[in-house]
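Undergrad: Here's the letter readout for the chains.
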Amino acid sequence: MTAEHNASSHPSPAVIARYADREVELDEVTVWSVEVHLEDCATCRARLAGSTTPDGGALLARVAAGLDRDLGAGPAPVRRRRWSRVRNRWLAGHLVPWLTMTLAVLAVAVLLQAAQPGLPSLVALLAPVAPLPGVAIAWSRRHDPAWELIAGTPAAGLAMLLRRTAAVLAVVVPALALASNRTGVSLALALLPCLAFTAATIALGAFVGVRHAAIGLGAAWGLAVVVPAVATAHLPVVLQPGSSGGWVALTLALAVVAASRADRFRRLSSHD
Amino acid sequence: MMRTVSAAETAPTTYPWAVHAEGLKVRAGRHLAVDGLDLTLGTGVHGLLGPNGAGKTTLMRALATVVRPAGGRLTLLGESVDGRADLRRVRRGLGYLPQQFGFYPRFTVREFVEYLAWLKELPKPAIPGAVQRAIDRVGLTAKADARMKTLSGGMLRRAGIAQAIVNDPAVLLLDEPTVGLDPEQRLDFRELLRDLGVDSCVLVSTHLVEDVVAACTDVVLINEGRLVHQGTPDDLVAQGGAGDAGDSPAERGYSALLRRHRAEAGR
Amino acid sequence: MIVKRSLDAAAEDELVRRIAAADRPAFDELYRRTSPWLLARLRRRCADDDLVADVMQETYLAVWRAAGSFAGSAAAGGAVGWLWTIAAHRLVDAFRRRARQSQVPAVPLVETVAPAAEDEVMAGRVGQELEHALLVLPPEARQVLRAMVLDGFSVRETSLLLGVPENTVKSRARRARIALREALS
Chain A
1 MTAEHNASSH PSPAVIARYA DREVELDEVT VWSVEVHLED CATCRARLAG STTPDGGALL
61 ARVAAGLDRD LGAGPAPVRR RRWSRVRNRW LAGHLVPWLT MTLAVLAVAV LLQAAQPGLP
121 SLVALLAPVA PLPGVAIAWS RRHDPAWELI AGTPAAGLAM LLRRTAAVLA VVVPALALAS
181 NRTGVSLALA LLPCLAFTAA TIALGAFVGV RHAAIGLGAA WGLAVVVPAV ATAHLPVVLQ
241 PGSSGGWVAL TLALAVVAAS RADRFRRLSS HD
Chain B
1 MMRTVSAAET APTTYPWAVH AEGLKVRAGR HLAVDGLDLT LGTGVHGLLG PNGAGKTTLM
61 RALATVVRPA GGRLTLLGES VDGRADLRRV RRGLGYLPQQ FGFYPRFTVR EFVEYLAWLK
121 ELPKPAIPGA VQRAIDRVGL TAKADARMKT LSGGMLRRAG IAQAIVNDPA VLLLDEPTVG
181 LDPEQRLDFR ELLRDLGVDS CVLVSTHLVE DVVAACTDVV LINEGRLVHQ GTPDDLVAQG
241 GAGDAGDSPA ERGYSALLRR HRAEAGR
Chain C
1 MIVKRSLDAA AEDELVRRIA AADRPAFDEL YRRTSPWLLA RLRRRCADDD LVADVMQETY
61 LAVWRAAGSF AGSAAAGGAV GWLWTIAAHR LVDAFRRRAR QSQVPAVPLV ETVAPAAEDE
121 VMAGRVGQEL EHALLVLPPE ARQVLRAMVL DGFSVRETSL LLGVPENTVK SRARRARIAL
181 REALS
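From first to last, the protein sequence lines stand for chains A, B and C. With the working numbering applied, the first sequence covers 1 to 272. With the working numbering applied, the second sequence covers 1 to 267. With the working numbering applied, the third sequence covers 1 to 185.
Isolated chain A, as found in the complex (with noise of 0.2 Å):
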């Protein structure tokens, strides 16, 4: 329901006059007319305070005086900056110091890999379990101080954990980049594998728990590629350069096996 409002017509001042004073009864249809065009109408409100009873503007003159008192006498108002409420809402404040271990994890490989370069390729192996620490950490009970009131609000689910794995992507991916670059390993056979374990990560993660999978995935991919690669002094077949095209349909496929099992992540409590 939408009113006809024709900006260039104004109500009579004799009708303001009369819907100024509470005495007057004013019939139902002009009252609706009257209260929706003052609220856009600066012009009729000025003629409004002018046609104030008296009693109403004795009551406005004790509410004055009144806000004179309280303004005094509280907080002043505080410039909100704007960032601040995208900050809050993707940041988790708890993610800074896993996410700095992570770092550190990459660069120590790079020097490793610098002062060491008979080793296959430590920044490869490391990639795909690089985000890991950080999506199992990004919404968990334990290190989520907020966790138990996040869970119960209707933003709690796959959203919501995704925006948090980005915030942790956001981290990981320019830093796996730049290690990448140092050490010349194709940016390809970084990124992509460490995109399919996070999918990976969540897609598990919904049956599992995201904890569990994430530990689970890790342990599984140090135990079958990275401690035979560094052995045997072998990059593994996976991580070849060829395999970009695999890795890119593993993540989609598991993006969307995450996708359809969305409900699940409404109650993580059931797995965390």
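To be clear, the hints were calculated from the coordinates, so they are not data collected in a lab. Errors might be hidden in some of the hints.
[Unchecked claim] Capping the alpha-carbon separation at 20 Å, the derived lysine to aspartate or glutamate pairs in EDC-like fashion look like this:
1) B:K143 x A:D70
2) C:K170 x B:E9
3) B:K124 x C:D13
4) C:K170 x B:D199
[To be verified] Residues from chain C that face chain B, not an exhaustive set, calculated with beta carbons under 7 Å:
5) A62
6) R65
7) S69
8) I86
9) H89
10) R96
11) R97
12) M148
13) R156
14) L160
15) A173
16) R174
Where is the CB? At the ideal position from N, CA and C, for every residue including glycine.
Given the coordinates of chain A, assemble chains B and C onto it according to the supplied hints.
TA: For chains B and C alone, kept in the frame of chain A given last:
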């Protein structure tokens, strides 16, 4: 400026109780903390009493949809929340203050309540006004822009209450909200509770029997995960006699009911 | 004075932005411009002048404190609409407090619906369908319609404001919708 009123908003209310639990079973870890609880709650302030380990916190968690029930039926605002229900709609009408609620220390009170308001999917233009209103109602106006890590225990709890009421919930769950409040603050809080009970269903879990008698329209006593008694505060007082333990009539009624329940359970 | 001229020219939205920067003259200007309007509107919904004064004081205090958050967000209806939303919620809170102790100070129902002959020219503003619906509805349903559509109250808030049960509010609102739909067809 006029708003449109949807058909859903004016559809008649089909459910009789805001909270309806039948044979509810909820686990806390491995232990079945709520074991076959039947409960109906309507508009008003309901005080939840019970000894430690009675299952109060677990019940609150289940009602807040944080924990999935292990058995039985639970209906909130007419929607069933066990199984694969759509929780978003129900959660918009809920407010919850857990017993140990955590917060982000660097947030100010206003930022904290705004963040929760955003999570509760309040329409964005309405958030600043709703936040200010909630902060004013709990009496934290002077500290609205102070960082949460600088607040005392009582003020923190009030900030928690503010986030619980920011979306004007139809069902409000408060787990031990008066912890850390001094007696004057507790009086203010009772006033707020009475206000809230006029048009919403409030469940307050507390250890303090006097809080319950003063502010609640209804008392729910649970023990070992089951309902022992539900009735008015006067009912509670009537249950006790001179021989029962307690310093006030309500406390005597409370101990009498517990004693009888334990005797019936053969303990 | 240059400052006064710039204040005169500023729209209410700009005033709120300045209030967010703790500009006291801007706040006084906002009060001067909007308080008569708010007073008239509140008085047609509440019979108790003391309550109206309390609501107005709380509203403007809230404007002073929350101006910072408002200035950043885009609100439908602008600063004036926002002002009304705050006042409306404070009014509901005040009525809720009263509801526990005694009768709410509601305003008597408006009897006449159709405008007098000399005011005919005004009627077109509301829209023919709405006017027709208002004509056929009983006063209680009109009251509910005004509370929900014009003032933006929810069902729960309307029931508090008018002192009637929620289901009664809902059935009257349904009646109003039917009348409107009939008018549109």
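Undergrad: If a hint holds in the structure, say so; if it does not, say that too.
TA: Evaluated hints:
1. B:K143 x A:D70: Answer holds: K143 (chain B) to D70 (chain A) is near 15 Å, not above 20 Å.
2. C:K170 x B:E9: Satisfied, since the Cα-Cα distance of roughly 8 Å is no more than 20 Å.
3. B:K124 x C:D13: Holds - the C-alpha atoms of D13 (chain C) and K124 (chain B) are around 17 Å apart, at most 20 Å.
4. C:K170 x B:D199: 15 Å, holds
5. A62: 5 Å, holds
6. R65: For R65 (chain C), the interface hint holds, since the closest Cβ of chain B sits about 6 Å away, which is under 7 Å.
7. S69: 3 Å, holds
8. I86: It holds, given that the least Cβ distance between I86 (chain C) and chain B is near 5 Å, below 7 Å.
9. H89: 6 Å, holds
10. R96: 5 Å, holds
11. R97: 6 Å, holds
12. M148: Status holds, d = 5 Å.
13. R156: Holds, about 5 Å.
14. L160: 6 Å, holds
15. A173: 4 Å, holds
16. R174: 5 Å, holds
Violated hints: none; the structure is consistent with every hint.
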